[in-house]
Amino acid sequence: MAILADAESQILVQGITGREAVSFVRDSLDYGAKVAAGVTPGRGGSDVHGVPVYDTVKEAVKRHKIDVAVVAVPAGFAKDAAFEAIENGVPLVVVVTERIPRRDVAQVLELADIQRARVIGPNTMGFICPGKTKVGSVGGPARDTVKAFTPGPVGVMSRSGGMTTEVCNLLTHSGLGQSTAISVGGDAVIGSTFLDLLPLFEQDPETKVVVTFSEPGGNVEAALARYLKTKGTRLPIVSFIAGSFMDNMPGVRFGHAGSIVEGKQDTVAEKARRLREAGVLVADDLSQIPDLVKKALKQKTPRK
Amino acid sequence: MRFYEHESKAILGKRGVPIPKGALIRSADEAVGAAKSVGCPVVLKAQVLTGGRMKAGGVKFAETPDEAAQRASQILGLEIRGQKTQSILVESKAQVVKEYYLAVTYDPVAKRPVAIFSDMGGIDIEEVAETHPEHISRTHFSALLPFSDFRMKEAVASLSVGGRDLSTLTGILSRLAQAFLTHDLTLAEINPLGKLQDGSFVALDAHIDLEDEAIARQKPLLTEVGMGPEGRQAKERTPFEAKAAEIDSSDYRGVAGRVVEFGGSLGLIIGGGGASLTAFDAVRRHGGNPANYCEIGGNPSVRKVAALTKLIISKPGVNKIAVVMNVVNNTRVDLVARGVIKGVIEAGYNPGEKIVAFRIPGAWEEEGFRLLRKYGVEPLDRKVSIDQAIVGAINKM
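Which chain is which? The protein sequence lines are A and B, in order. Per my numbering, the very first residue in the first sequence carries number 88; after that it's consecutive. Per my numbering, the very first residue in the second sequence carries number 703; after that it's consecutive.
Please keep in mind that the hints were generated in silico from the structure rather than gathered at the bench. Every residue, glycine too, gets a C-beta built ideally from N, C-alpha and C. Warning: the hint list may mix true and false statements.
[Claimed, not checked] Calculated lysine-lysine pairs in the BS3-like style (CA-CA distance at most 25 Å, straight line):
| no. | chain 1 | residue 1 | chain 2 | residue 2 |
| --- | --- | --- | --- | --- |
| 1 | B | Lys-762 | B | Lys-786 |
| 2 | A | Lys-351 | A | Lys-316 |
| 3 | A | Lys-234 | A | Lys-149 |
| 4 | B | Lys-1098 | B | Lys-1044 |
| 5 | A | Lys-318 | A | Lys-382 |
| 6 | B | Lys-1085 | A | Lys-382 |
| 7 | B | Lys-945 | B | Lys-1017 |
| 8 | A | Lys-385 | A | Lys-318 |
| 9 | A | Lys-295 | A | Lys-385 |
| 10 | A | Lys-381 | B | Lys-1085 |
| 11 | B | Lys-945 | A | Lys-351 |
| 12 | B | Lys-945 | A | Lys-295 |
| 13 | B | Lys-1022 | B | Lys-1098 |
| 14 | A | Lys-351 | A | Lys-385 |
| 15 | B | Lys-786 | A | Lys-234 |
| 16 | B | Lys-738 | B | Lys-762 |
| 17 | B | Lys-1044 | A | Lys-385 |
| 18 | B | Lys-762 | B | Lys-723 |
[What the hints assert, rightly or not] Derived coverage of chain A by chain B (criterion: at least 3 residues anywhere in the stretch with Cβ under 8 Å from a Cβ of chain B; other residues may be distant):
| no. | stretch |
| --- | --- |
| 19 | 93-106 |
| 20 | 131-145 |
| 21 | 194-203 |
| 22 | 225-236 |
| 23 | 250-262 |
| 24 | 277-284 |
| 25 | 304-316 |
Please model the complete structure; the sequences and the hints are all you need to start from.
Dropping the structure here:
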C-alpha cells in the first residue's frame, strides 16, 4: 500500500498544455502513472501525449473518474483552477504552481475544508508511490526516477522538492525503499503539513518509519513535537533540518518562500530541540539519515 | 517586503488605526522644526527594517526642540543590526497608562489568518507566550468568507476586556485585520498599542510586511507611501551580490543567483533551495570557510552558469569552488557542467585544479560526467551524499 494514491489513481492535469506540464506528463506516463485527462481553456478537443484535453474540469470529470488533480497553471490563475477542481468534487488537489500569494492559498484551503478535499502544496513537486504512480514532476524522467526511488517501508515528507528526490536516493542506495514520498511544498502556508500527513502514514501498514526534511520558518515542527508528546505515534520518525546557518540571520529569506527566521521557534536549533525532546531521531548530517532509519527499524518500540 | 515604521503607521492610519502625530526627518537640523510641530516632549525613533532598536540606542526621548536635535545627531548614522539609520520618526511622547499587543498573521498549522491579542504589550510577544500564556489570545478567522468584526470582539473579550475598551479595541483589531487581508500582508503588528489617560488609544509602534508574491497586485499601496512599483530589497546588496543578481536576471531560464556574500575561500555553486541550505550548513559544520551562499535551480542556460562561476571564482580570496546540488529532476547536469567548466576557463584557470567537488547526479548525468572527465574533473555520483561531497571539498582546500 501507499498513501494518497495507488497504481490505478486517475490523474487530471490543469494547465496540461504548458511547457512544464507537457514535460512531466510525458515522464508520468513513462513511469506508468494513469494520466487520464487535462484541462486548458480554449484547447478542448486536442491532446497531449495522447491524453485528452478539455476546456473545463466539469467536462473532464463527466468523462473520467478523476482521483487527483494537478494544478500547473501560472500563479495568477492558480486559485481559480484549484477552486474549479475542488468545486467539481476532485478529492485530492496537488498545486505545483509557485509564487501564489498566501491569501489566495488560505482561501483555497478553506474551500477545500468545506468540500472535504485534500490539498498538497502549493510550490510542490508532487508525490510518488514508488513502483505504482507519480503525481507531478517529482523524480523527473522515468529513467531517473527509478534510480532514486524504490518501493519499501519508509514514508518521506519534505519541505523541499529537490530534497525529496535527494533523501529518497540516499535511502535507496542504503537498501531502504519508500512507501510514499511527498514534496509537501516550500511555501509558508501549505495544504498538507507533516502534521496532517503523519496520520495517513500511521494507517498505512506498509509504512514502518517516517523521514522528514525541514527548513527554518513556521510553527509546524513545534506542532509536530507537541502532537508526538501528547498523542504519540506507532512510527519512529527521523528528521533532518537544513539551514542552521540562518539562525543568526533573522528576517532574511533563503531558499523557499516559507524559509525565514522570524521568531525563536522558527530556528533550526529550536526545532531540533523540540523534536528530540519528543523522541524524534534528528540527524546532524544528511548522510546520517539511513543509519538512523535502520536503527529506528531495529528498535521497533511501539510508542503509542 | 517589510515597511518602515513610519510607512506602516501611514498605511494603518489611513485605514482608521489611531496613530501619534509624527514627522520624518533626515538631518539633525530638521529635528527642531519637527519637535515644535508635533509638540514636546518627543520620542525620536531610528527608521530601520529590523527589530532591536531600543537596545542599540536607536530610540531616544527629548524634552525640548534643541535636545531633539542633539538626540537626532546621535541616532543618525547609527548602525542597527547591519543597517545604517538614515531617517528618524519624531513623535509626541504619549502618556500611556496601559499597553496592548495586536497582530494579524497566518498560522501555518491552522492554515488560517490569526488575530493575536495580548494585554501585555510592549515586550517580546514570544516571551509573553512562554511566561504568561493566559495573557494572549489567538483567534483564527476566515480569509474566504466576508469579514465580520465579531471574531475580533471574541479575541479581545477572551482576555476579560470589557466596557468601552472592548468596543474600541475590537474596532482597531478589525481595521488591522481588514488591512491585512485587503493588502496581502503577511504580518500586521501594533506593539504596543497604548491606552492614554483620557481613555483613547494610539499605536506607538507598528510593523507590516507585504507578501513579495503580491507586490505586483499591491502597487497602489506602494505608491501610497511613495515607493516605486518594484518595492525594496530587505538587505542592501553588496556589489558582488548585485552582479550576481544581474547575471540571474539577464536570462529568464532557470535560477543562477540569490547570492549572499561571505568572506571565505571556498566558492560555492549550490542548489536548489533545500540542498543549498544543506550544503551551506555542511560547509560550516565541517570547518569550511564559505565565500558565498547561492542557489541555482530550474534549468539555467550554460551562459548564465558560466557567468556566475566566473564571478565567484574571480572573487578576491576565493581559491577553489565546489559545485553541489541535490539529485536533480529537471536541471540538466550536462548543461550545468558545461557552464561551470566554461566559467572557470574564461576566468583563466584550470578546471581540474579549481573545482574541488562536482556533485550533481540526475538528468543527463552521463553526458555531464563525460564532459567533466575530459577537463580533468572527477565527478561525484549519487552514492556520495551532499555533506560527504562538501567534506571532500574542504579536505582538498
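Under the constraints set out in the numbered hints, which ones does this structure not fulfil? Violated hints (numbers, rising): 3, 11, 12, 14, 15, 17, 19, 20; every other hint is consistent with the structure.
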